[in-house]
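Chemist: Each chain is listed here by its residues.
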Amino acid sequence: MTDFVWLVIAFPLAGAVLLHFLGRRLGEPLAGIIGTLAAAAAFVVAFVAALPFIVEEGNHGETVMLWEWMPAIGANLEITWDPLAAVMALIVTGVGSLIHLFSVGYMHGDERFARFFTYLNLFLASMLTLVLGGNFAMVFLGWELVGLCSYLLISFWYTKPSAAAAGKKAFVVNRIGDFGFMVGLMLVFTNFGTLAFDGIFERVPEILDGSTATAIGLLFLVGAAGKSAQIPLYVWLPDAMEGPTPVSALIHAATMVTAGVYLVARSATIFAAGDAGIVVAVVGALTALWAASIAIAQSDIKRVLAYSTVSQLGYMFIAVGLGGYIAGIFHLMTHAFFKALLFLGSGSVIHGMHEEQDMNKMGGLLEKMPVTGVTMGIATLAIAGIPPLAGFWSKDEILGVAFEYGGVGIVLWVIGLVTALITAFYMTRQWFMVFTGEPRWEEGVDPHESPRSMTVPLIVLAVLSVGAGFLNTPFRLTLEHFLEPSFELVKVAHPPEGLGMFALLAAISVGAGIAGAAMAGFVYSRPREIWERFQGGFGGLWEAWQAAYRVDDLYGATIVTPGRKLSERMAFDFDAGGIDGFVNGVGRAVRSAGARTRVLQTGLVRNYGVGFVAGLLAVVIWLVIAGGGV
Amino acid sequence: MIEVTAGWYLSLAAVLFSIGLLGILVRRNALIMFMCVELMLNAVNLTFVAAGRALGNLEGQVAVFFVLVVAAAEVVVGLAIIVAIFRRRESASVDELATLRG
Amino acid sequence: MLTALILVPAVAAVVVMLLPSDRKELALPVGFALSFVPLAIAGYLFFEFETGVAGYQFTQKAVWYEPWGISWNLGVDGISLGLVALSVILIPIALAASTTITDRTKEFVVFTLLLEAGLIGSFLALDLFLFFVFFEAVLVPMYFIIGIWGSERRIYAAMKFFIFTAFGSAFLLASIVALSVFHNRQFGSPSFDLLELMSLDLTLDQSRWLFAGFGIAFAIKVPVFPLHTWLPDAHVQAPTAGSVLLAGVMLKLGTYGLLRFNLNLFPQAAVDAVPIIAGLAVIGIIYGAVVAIVQPDLKKLVAYSSVSHLGFIVLGTAALTSAGFQGAVIQNVNHGLTTGALFLLVGMIYERRHTKKIEDFGGLAKVMPIFAGLFLFTAFASIGLPGLNGFVGEFLVLIGSFPSIPVFATIAAFGVILAAIYLLWAYERVFTGIPDKPENQKLTDLNAREIGLMVPLVVLMLVLGLYPKILLDRTAASTEALLDRVEQATTYEVPEQGRLADVFAGEGDE
Amino acid sequence: MVELVIFVLLGTGAIAGALSVIFAKNPVYAAMGLLGTLFSLGVFYVVNLGHLIAAVQVIVYAGAVLTLFLFVIMMIGVDRVEDTSETIRYQRQLVIGLAAILGVTIAALVIGGEFAWVPLAVDGPIPNGTVENIAGIMFTDWLLPFEVTALLLTIGAAGAIALAYYAPGTSVEDAE
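Those protein sequences? They're chains A, B, C and D, same order as listed. Position one of the first sequence corresponds to residue 261 (the numbering used here), numbered consecutively onward. Position one of the second sequence corresponds to residue 575 (the numbering used here), numbered consecutively onward. Position one of the third sequence corresponds to residue 16 (the numbering used here), numbered consecutively onward. Position one of the fourth sequence corresponds to residue 10 (the numbering used here), numbered consecutively onward.
By construction, these hints were calculated from the structure, which means they are not laboratory data. One should not assume that every hint holds.
Unchecked claim - A few chain D residues facing chain B, derived, Cβ under 7 Å:
| hint | residue |
| --- | --- |
| 1 | F16 |
| 2 | A27 |
| 3 | N57 |
| 4 | A64 |
| 5 | V74 |
| 6 | V81 |
| 7 | I85 |
| 8 | A108 |
| 9 | A116 |
| 10 | V119 |
| 11 | A169 |
| 12 | A173 |
Unchecked claim - Derived pair list, reagent style BS3-like, types lysine-lysine, alpha-carbon separation capped at 30 Å:
| hint | chain 1 | residue 1 | chain 2 | residue 2 |
| --- | --- | --- | --- | --- |
| 13 | C | K372 | C | K452 |
| 14 | A | K420 | C | K457 |
| 15 | C | K315 | C | K452 |
| 16 | C | K452 | A | K420 |
| 17 | C | K372 | C | K457 |
| 18 | C | K452 | A | K825 |
| 19 | C | K457 | C | K381 |
| 20 | C | K315 | A | K420 |
| 21 | C | K315 | A | K825 |
| 22 | C | K372 | A | K420 |
| 23 | C | K381 | C | K452 |
| 24 | C | K381 | C | K315 |
| 25 | A | K825 | A | K420 |
| 26 | C | K39 | C | K76 |
| 27 | A | K420 | A | K621 |
| 28 | C | K315 | C | K457 |
| 29 | A | K420 | C | K381 |
| 30 | A | K825 | C | K457 |
What the hints assert, rightly or not - Computed beta-carbon distance windows for the label pairs:
| hint | chain 1 | residue 1 | chain 2 | residue 2 | range |
| --- | --- | --- | --- | --- | --- |
| 31 | C | S36 | A | V850 | 35 to 45 Å |
| 32 | A | V850 | D | V157 | 42 to 52 Å |
| 33 | D | E156 | B | L671 | 28 to 38 Å |
Just so you know, even glycine gets a beta-carbon here, dropped at the ideal spot from N, CA and C.
Required output: the full structure, derived from the provided sequences and hints.
Modeler: What follows is the structure in structure tokens.
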């Protein structure tokens, strides 16, 4: 029925290969167009393939086998097409196509224009492999390829040393996460004997006992934390802003970073069997609060959004951790829309301001860039959780799940609320600093609205940010029914029943949002001095936030520098000095021993004579004694 | 009366042999060393003869005969070498001939 | 047919030797052309090889010296097939990469072809004595290749390489002779035939000592952790072709030996020694990577990375599970391709800049985009990016070793991170940034010959990465047979997921 | 009884001659010492029924070999007094040490009766070392060694000539 679904991956992959070889000849706009078409084609195929799930109830989808990769360990190139995969594919290809379109404008004039689209298409293909993979090996394949593409795209402008370093940092930190994921895979294989999903998820209750399930869950959490930038492995995401903005939008907002959430959702049965879920939720909550606090004081427009992404991902982790898989996926979708919009908006601002990223040098851009301003305003309201926008519905559902969970859930719910307030604050602060107040640009910079090819995606995303919320309101849970078949094996957590409770929780969360937004609006719509005084009020805290609690230096001091010193000691002292020294030492010892024995050969006959006689005597004496003589 | 047995001759030969042996080690002059070698050979001859007599056959004396011949040949060649070296080095001291040093 | 595979390179060497000395420029092309003949034979062999058959195929046996029971006994099975194919592929590439060798090219080609004969011989030999002859024969050409055409400290490196390996093979010889003596004592006549020697019943002590004897020789060759210091020197000083062949194939003599002889002949000793072997392998993986990070010299970095990657192969051998063995066997081939490619690339930049120091480079990507692209591709293959060949081997080894030696497997998995660190950091220092040094600015990108060299390797990396079944099917039967052999002959039984039911998927829906 | 006297007298004579070979400053006196020892041995051979070899000893050895020595001594002109000081370090001490051990060993053997070799009870008279008897044995059992020694002598002679040959006109250096 859907055996053509492999086309979803094939289109972007073909696009990547085509552009790789013919890119230079295709030239500026054409390469971009082909890239966008490939993404759009994938979206269409995904949409068509997803129709059956909407039409007939309870369709579980099925696994399409392409060819055998490593049959010995149950790892073949196969696609599992079920509602969860469909939703993810639609998000990835949908947002992906819009970002491709945006990039055509944004990357105008870059001499590696075609190469950029090769990498973007390759990224889409790898993300789809990850999402559609039919076994953990395929997921791992997509997992690493996505890491590769983010490496290539972050250090796209490789002539900038900081970009190259950021790319390497991203890949290495991801790799640390992959280490956890890989060991988790090994544990899975040892228990189930195969990596294929259909050989695992049904048999989880009978094979896995509590502790192994928790172990696998925690190891998957390490992998997810690496990829979705949770504590402690989030340090690479802010640096990843070195890459072009569409890259940040696509990879570091909408798709790649959600891979961790998808992994937890996909292996829901494993998390349900053990109690790793709680840990996931707690990590999510801490990350949310932590990143939000840092975002307050950031002055670089993209860094604010980067920390905001880390924070929002924290929310999703809370949801999937506590069993609210559908809530998590829902927030993932809405977040993809408005965060992509925010990033693309900031991209259009940067484009207009000729590569200027410092918000202190912006201000009053609303009339210069009205479309960008309005669309970003909508996105800001959405993320702040103001009803009826999408952010409100999805975030509220997560808070509801946390509240319903009770016990620890309540603590998470409170943290969630505080984070919601802070989120509203820093997003509104950003909006006001960029778009209102007196202009603070240097001379020679005249901001202008971006061309249509860049504003159209903004508008589409704005519409989605508004409309997406209605997909899963407590009144009509359409997304819930859609995703139901994927989560039959596990009990899905829901926010508290009844409109009364919903209204109460909603009121609290909206109140927090509005409070935050009002506070920021109140401060940052006024002249600059007020800001300074307001920021001074926090004293040292503000600097701490600005410097992201100096976590990078902490990692540098505790891991990177000692690591390098250790390897230098090992390489130059231990290896070159120690082992090699020993080997050369043996050589020298033999030579010096030889030199010493050489002295014995005096050349004097009579010396030899003495030796000769001594030997003779010894023999004679021995004969006498041993021969029973004396 | 003490009867002179073969053992006596053997011990005398042993003494002579060791004197010859030590002589080689002590003296530097090649000729003296040569004489010491002759001394050792004669000591051996004595043992042959004494043993022959003790065992009652003449094999010992035949052996002595051959030892004599060998000694003669050896002296001839040895002295020729010494003469050749002497012509080269103006001294018959063995210690100078140490070029084969290690 | 196997005899032909060994003799053809030797005959080719003689032909090149007989070339008129005034036509020196003919040597390389003739050698290159002749090296395609063994490639063809091996190709035929590869496809005629029946999958699913555990024993040795295409066997040829001729008595060589009856009183001692030595025979010219050849045979190929899953474990050695890949390695023979690898050596036959790398030789033409190595020859094609050494056009810059101008002085005494004739001898160079002769030595390379002799090296090929020795390598193929040692992989095919089923007679221990014959194996030892080839094992030693391989040393001589490599010694000359490093010694004559190497860079500044080549004599030291060649000497160290030779003495190190000879030290090891002394133990090997002693053990081989001991084995034949035991055989004589038990069956009346000495014999070096592998199959007969496998039926020997040795006391535990004897098999332990012999295991150690074989083990030391192969450990030096692999190289395993404490015995590895000859490798970086040999690589840094060797010419490009020398490094490619040394890393690509010669190191595999060690891992092949462990798999073929140590496990077959002394299974109980092997089972008892698993913690030691696995421990050394894991140390090798982590130590090799850690030391590679800070190497100032690009070639030394790749050499230490080989120490790390070969650690995986040894770990796979120590895993004593089907996936572990398969991973080890296929990683033998993969490592040959990726490291061979890396050395080729380093050689290309060395020919242009005559330096291997990383800090002399910088911003090459701008000046040599194709070179940068190929280097990145090979680097990722070497790191073990899924979809490329490095991943298949390492993943199989890790998955295979987890059921039997979980702690070692977890530590080894850590090596995957270090691999990313040292290669990407090197890539960053060499390729990214602006080419500030004047010499770097006017570098020319790769010419057609050099790209032509890399194409077969790149294609193989992709094919083995995405469709490793063509090799896995051929090795499956032999690795299973090896596992059965170890299981029957010892108290060890394969852990629950160690043996794979569907390992014979090859026969299923082919 | 007579044998005992002869043994004691000539024994000491032989030893004295031997010692003089070593300690004589002048090589000529050493040669005379050696002559004394040879002569006393000749007498001992007679006592032990080795008549032929006694004669040969005296004629060949004392006569030919020793004169050859004297001739060479005169030719080389080393008849002047030599210093017998020791040049090699530790040589003298080593030799003394060895001499002591040697002496002790011989003394132990003699006292221990190791050399007290009582002759066998020989059936029949002990053959006399006359020319007939020796010739009888030599030309029957020992013919091969006889021939070999003949050959040895000729080689010895040829060797001596080759070594000492000093063709006129060839300088000392290239004569090497």
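Chemist: All hints are to be evaluated individually against the structure, with a verdict given for each.
Modeler: Hints and how they fare:
{"no.": "1", "hint": "F16", "verdict": "5 Å, holds"}
{"no.": "2", "hint": "A27", "verdict": "4 Å, holds"}
{"no.": "3", "hint": "N57", "verdict": "4 Å, holds"}
{"no.": "4", "hint": "A64", "verdict": "11 Å, violated"}
{"no.": "5", "hint": "V74", "verdict": "5 Å, holds"}
{"no.": "6", "hint": "V81", "verdict": "5 Å, holds"}
{"no.": "7", "hint": "I85", "verdict": "5 Å, holds"}
{"no.": "8", "hint": "A108", "verdict": "5 Å, holds"}
{"no.": "9", "hint": "A116", "verdict": "9 Å, violated"}
{"no.": "10", "hint": "V119", "verdict": "5 Å, holds"}
{"no.": "11", "hint": "A169", "verdict": "4 Å, holds"}
{"no.": "12", "hint": "A173", "verdict": "5 Å, holds"}
{"no.": "13", "hint": "K372/C - K452/C", "verdict": "13 Å, holds"}
{"no.": "14", "hint": "K420/A - K457/C", "verdict": "20 Å, holds"}
{"no.": "15", "hint": "K315/C - K452/C", "verdict": "23 Å, holds"}
{"no.": "16", "hint": "K452/C - K420/A", "verdict": "16 Å, holds"}
{"no.": "17", "hint": "K372/C - K457/C", "verdict": "18 Å, holds"}
{"no.": "18", "hint": "K452/C - K825/A", "verdict": "28 Å, holds"}
{"no.": "19", "hint": "K457/C - K381/C", "verdict": "11 Å, holds"}
{"no.": "20", "hint": "K315/C - K420/A", "verdict": "27 Å, holds"}
{"no.": "21", "hint": "K315/C - K825/A", "verdict": "18 Å, holds"}
{"no.": "22", "hint": "K372/C - K420/A", "verdict": "22 Å, holds"}
{"no.": "23", "hint": "K381/C - K452/C", "verdict": "13 Å, holds"}
{"no.": "24", "hint": "K381/C - K315/C", "verdict": "25 Å, holds"}
{"no.": "25", "hint": "K825/A - K420/A", "verdict": "26 Å, holds"}
{"no.": "26", "hint": "K39/C - K76/C", "verdict": "39 Å, violated"}
{"no.": "27", "hint": "K420/A - K621/A", "verdict": "22 Å, holds"}
{"no.": "28", "hint": "K315/C - K457/C", "verdict": "26 Å, holds"}
{"no.": "29", "hint": "K420/A - K381/C", "verdict": "12 Å, holds"}
{"no.": "30", "hint": "K825/A - K457/C", "verdict": "35 Å, violated"}
{"no.": "31", "hint": "S36/C - V850/A: 35 to 45 Å", "verdict": "39 Å, holds"}
{"no.": "32", "hint": "V850/A - V157/D: 42 to 52 Å", "verdict": "46 Å, holds"}
{"no.": "33", "hint": "E156/D - L671/B: 28 to 38 Å", "verdict": "35 Å, holds"}
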